[in-house]
Amino acid sequence: MSGHAAVTFARVPIAVEAPQLSQSAEANLLWRVRGKMLATTVRQSLETARLRVTLVILLSLLFWYGLFGLFSGGFEFLESTIGDKVTHAQTVQAIYNVFFASLMMMLMFSSAIILYGGLYCSSEAEFLLTTPVRPERIVLHKFQEAIVFSSWGFLLLGSPMLVAHGFQTGAPWYYFALLLPFMAAFIYIPGGIGAVLCMVFVHRLARIRRHFFAGFILLAVVAVVLLCWSLLEKTEANLLTPIWFQEILGRLQFSEHRMLPSWWLSSGLLEAARTDSAGASWAESLLFLSLLISNGLLLRMLVVELGARIYRVSYSELRTDRARRRPSKRFWIDQLVMRCSWLLSPQLRLLIVKDLRLFRRDPVQWSQFIIFFGLLALYFANIRRFSYDVNYTAWVNMISFLNLAVVGLILSTFTTRFIFPMLSLEGRRFWILSMLPVERDSILWGKFVFAAAGSAIPCCLLILLSDAMLSISPLVMAIHQLVCALLCIGLSGIAVGLGAKMPDLREESPSKIAAGFGGTLSLVISAMYIILIVLLTALPTHFYLSALQSDGDPYWVHIWLLAGTASACAVGLFATLVPMAIGLRAFRALEF
Amino acid sequence: MIQFEHVTRRYGTKIAVSDLSLEIPSGELFAFLGPNGAGKTTTIKMIVGLLRPSSGTIRLCGHDIAENNSAANRLLGYVPDVPYLYDKLSGVEFLQFIGEMYGLHHRDLKARIGQQIDDFRLHDFVEDLTESYSHGMKQRLAFAAAMLHDPKVLVIDEPMVGLDPRSVRLVKDLLRVKAAAGQTIFMSTHLLSIAEEIADRVGIVAHGQLKFLGTLDELREALSTHETSLEHLYLSFTAGDEDNLPRDRRPSSPRDETYIEGRQP
Chain D
9 MSGHAAVTFA RVPIAVEAPQ LSQSAEANLL WRVRGKMLAT TVRQSLETAR LRVTLVILLS
69 LLFWYGLFGL FSGGFEFLES TIGDKVTHAQ TVQAIYNVFF ASLMMMLMFS SAIILYGGLY
129 CSSEAEFLLT TPVRPERIVL HKFQEAIVFS SWGFLLLGSP MLVAHGFQTG APWYYFALLL
189 PFMAAFIYIP GGIGAVLCMV FVHRLARIRR HFFAGFILLA VVAVVLLCWS LLEKTEANLL
249 TPIWFQEILG RLQFSEHRML PSWWLSSGLL EAARTDSAGA SWAESLLFLS LLISNGLLLR
309 MLVVELGARI YRVSYSELRT DRARRRPSKR FWIDQLVMRC SWLLSPQLRL LIVKDLRLFR
369 RDPVQWSQFI IFFGLLALYF ANIRRFSYDV NYTAWVNMIS FLNLAVVGLI LSTFTTRFIF
429 PMLSLEGRRF WILSMLPVER DSILWGKFVF AAAGSAIPCC LLILLSDAML SISPLVMAIH
489 QLVCALLCIG LSGIAVGLGA KMPDLREESP SKIAAGFGGT LSLVISAMYI ILIVLLTALP
549 THFYLSALQS DGDPYWVHIW LLAGTASACA VGLFATLVPM AIGLRAFRAL EF
Chain S
697 MIQFEHVTRR YGTKIAVSDL SLEIPSGELF AFLGPNGAGK TTTIKMIVGL LRPSSGTIRL
757 CGHDIAENNS AANRLLGYVP DVPYLYDKLS GVEFLQFIGE MYGLHHRDLK ARIGQQIDDF
817 RLHDFVEDLT ESYSHGMKQR LAFAAAMLHD PKVLVIDEPM VGLDPRSVRL VKDLLRVKAA
877 AGQTIFMSTH LLSIAEEIAD RVGIVAHGQL KFLGTLDELR EALSTHETSL EHLYLSFTAG
937 DEDNLPRDRR PSSPRDETYI EGRQP
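Those protein sequence lines, which keep their order, are chains D and S.
Counting the first sequence from 1 gives a position; my numbering is that position plus 8.
Counting the second sequence from 1 gives a position; my numbering is that position plus 696.
Treat the hints with care, as some may be off.
As the list claims (entries may be wrong) - Here are the in silico distance ranges between beta carbons for each label pair:
(1) R42/D <-> D820/S: 21 to 29 Å
(2) R803/S <-> M114/D: 32 to 40 Å
(3) T753/S <-> R60/D: 50 to 58 Å
(4) T421/D <-> T753/S: 44 to 52 Å
(5) S830/S <-> F339/D: 26 to 34 Å
What the hints assert, rightly or not - In the DSS-like style, the derived pairs of lysine-lysine whose C-alpha atoms are separated by at most 27 Å in a straight line are:
(6) K44/D <-> K784/S
(7) K834/S <-> K44/D
(8) K520/D <-> K834/S
(9) K848/S <-> K806/S
(10) K868/S <-> K834/S
(11) K784/S <-> K834/S
(12) K44/D <-> K362/D
(13) K834/S <-> K848/S
(14) K806/S <-> K868/S
(15) K834/S <-> K806/S
(16) K806/S <-> K44/D
(17) K868/S <-> K848/S
(18) K362/D <-> K520/D
(19) K848/S <-> K874/S
(20) K784/S <-> K520/D
Unchecked claim - Examples of chain S residues lying across from chain D (beta carbon under 7 Å, computed):
(21) Y707
(22) L746
(23) N769
(24) M797
(25) R862
In short, the hints are calculated from the structure, not lab data.
The C-beta atom is built at its ideal place from N, Cα and C for all residues, glycine as well.
Produce the complete structure using the sequences and hints provided.
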């Protein structure tokens, strides 16, 4: 409206609107709606997929029990290895501190990322912002969701360890009763810090967000490198001796800082587990619980206050801070993929390149991929700085297979989080694919090839790095590469196949799809598959290497090695083809 | 009523809405027209409080939206082009949720829900989960929800998308009735025939600038033309945005860069 006089309107009398709901009425209303939706989802699941629900619950229990057994064995090993009671207690405390400090960081980042999606990218938040609901209520509503979605993994991993420790030490009943309150109170703190960071980040730094983000990532990487460097510095002492333990414990002292909520959690739980001075330890434990609860509540208040002050403004700022970016039309990696996949049909190659582009343009996906695999690469590159004696064959073999299992487990979280929901996310835009001259099977195979090839390249390179640093023999190296390829192919088959069998075509959020029944089932099956494949190859390799070291080379070791590798291949083939066949059949019959 | 005072909204360096000043009084049905990317949706998002103006003020029944958004939203009903519904709630449960959110009391709420079900003919599916609704059903439920608390201002983005002819007629009649009863209606649409049929005034926006504001008669008068079709007049004002049309299909009149204000009703 250029070139005309300034316009000012007469003030109109302010209209009287309906009274605003009280804070508690607003909260009740949103909780009621959430409760109704949850009840409907549960009812629908029980009516239409009882078998699936039962299977998921049973497999989750099995997974939990497996972890419980693993942790019990670990605690027993520690007790038998470390004779000195004080060193043992310090070691357990150090394990708790490091475990919870690591989980605290992960919870902080995951809740910040999930809350970002919930507050700034979800349709529900956009809808609620156009209603009279207070912005701080919307923030709290989404914060609670983020807490639930980010902490289920923490509960699944943390609870078997804590229960195992309780049984192993013969902890009193109140230790077990306090586990859940402790964990719930603790989760609120990193979740709250993540929420505050998320909102402040979007609000204050909207204009320089990318630069700040890059700087933040760089600082974080430098900090982690320095930390790993100091931790992995070669020790003078022999492996697993009391002096070695003391040296390692000294390096982990950073996790014992008194201001760390993870230290409050581990100290509170260890106090509760004590059997020597029941009354005092009970009171001490409650003190730590109160500390966690009060800090959690303080952070909740801060989240609410920030929500009231900056959420609406930051939402607007984020949506308008820059003009639309135009991605480059051609990218070298697309051309490379097109050339390297010349054996596949043109349609399949186009589908793979399309998925690659979506992955590349989604910072949530590639940033998590780079962070986790980058940290693993850092660890593998520094592996010799540990005091391992690389001539101690059994130890090296165990470490190398553990590395393989860790790569597999991290990959399984990625396939569950990003590959499993891929087909569900196609639901809304399936009309595009259905208009193309492409068979439905090709769509699914395209996703499988994308996932398998995309994961095999970095994973095999990581394992190669690990093996090179551990000076592994060429034969074992070859076995590791084979197992790694089997893991990548099998995990991709499980995620793509189950994703097609159990799609959630209405859900927009990949994290919610992954956290559903199908995603949980995929994660549990993936974990079982990894354990099975690694065990099938690790045990024969161990005995093969032991036999070589003792100058014996009995024929049965060769047969066992061959049989183990062949069984792993068979299991890999089964884990790939069966879920894919199930997925293909379901996908062919799927109506959009 | 809605008042825009020198409202500008930028996306980085791009200006989506430029110095918009406009007043829509109570009881008026205002149609906001313009090509894709002209700034219509940005304007609507500013009215409903999703975006804040870079400069200028928007008042809704006297409330500055940037300052007192919650109070303004209680006077507002909003129907987006793609409505959001909780898919695990039934239509009735969704209406109850909306009614309670606007502070309607139980007995009154029940009566109003019944009225909306009648008005928008929701009987056949209102007890089903909204996940099973077609787009048209969702749109009708969104209309019912937006009108449930009898808002003073109704903002609608592309109101007729996905509606069947009977529902289109129903919505058109209802909007006229609501405007006659004193409700202010701000409607963004691409369907010129709808604007032509039911709007009291039209605003034509292009490149973020208000190119015309007035009645259809005033539009014809301003262009000194005997053309009766709003389509032709609209194309005259937004000619620059259709440069990608074939040459023989472009509007004949030259692009008018000046703002033309019609008579205020």
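Tested hints:
no.	hint	in the structure
1	R42/D <-> D820/S: 21 to 29 Å	holds (28 Å)
2	R803/S <-> M114/D: 32 to 40 Å	violated (50 Å)
3	T753/S <-> R60/D: 50 to 58 Å	holds (55 Å)
4	T421/D <-> T753/S: 44 to 52 Å	holds (49 Å)
5	S830/S <-> F339/D: 26 to 34 Å	violated (39 Å)
6	K44/D <-> K784/S	holds (8 Å)
7	K834/S <-> K44/D	holds (19 Å)
8	K520/D <-> K834/S	holds (23 Å)
9	K848/S <-> K806/S	holds (20 Å)
10	K868/S <-> K834/S	holds (17 Å)
11	K784/S <-> K834/S	holds (13 Å)
12	K44/D <-> K362/D	violated (38 Å)
13	K834/S <-> K848/S	holds (23 Å)
14	K806/S <-> K868/S	holds (25 Å)
15	K834/S <-> K806/S	holds (20 Å)
16	K806/S <-> K44/D	holds (19 Å)
17	K868/S <-> K848/S	holds (18 Å)
18	K362/D <-> K520/D	holds (23 Å)
19	K848/S <-> K874/S	holds (9 Å)
20	K784/S <-> K520/D	holds (14 Å)
21	Y707	holds (5 Å)
22	L746	holds (6 Å)
23	N769	holds (5 Å)
24	M797	holds (6 Å)
25	R862	violated (26 Å)
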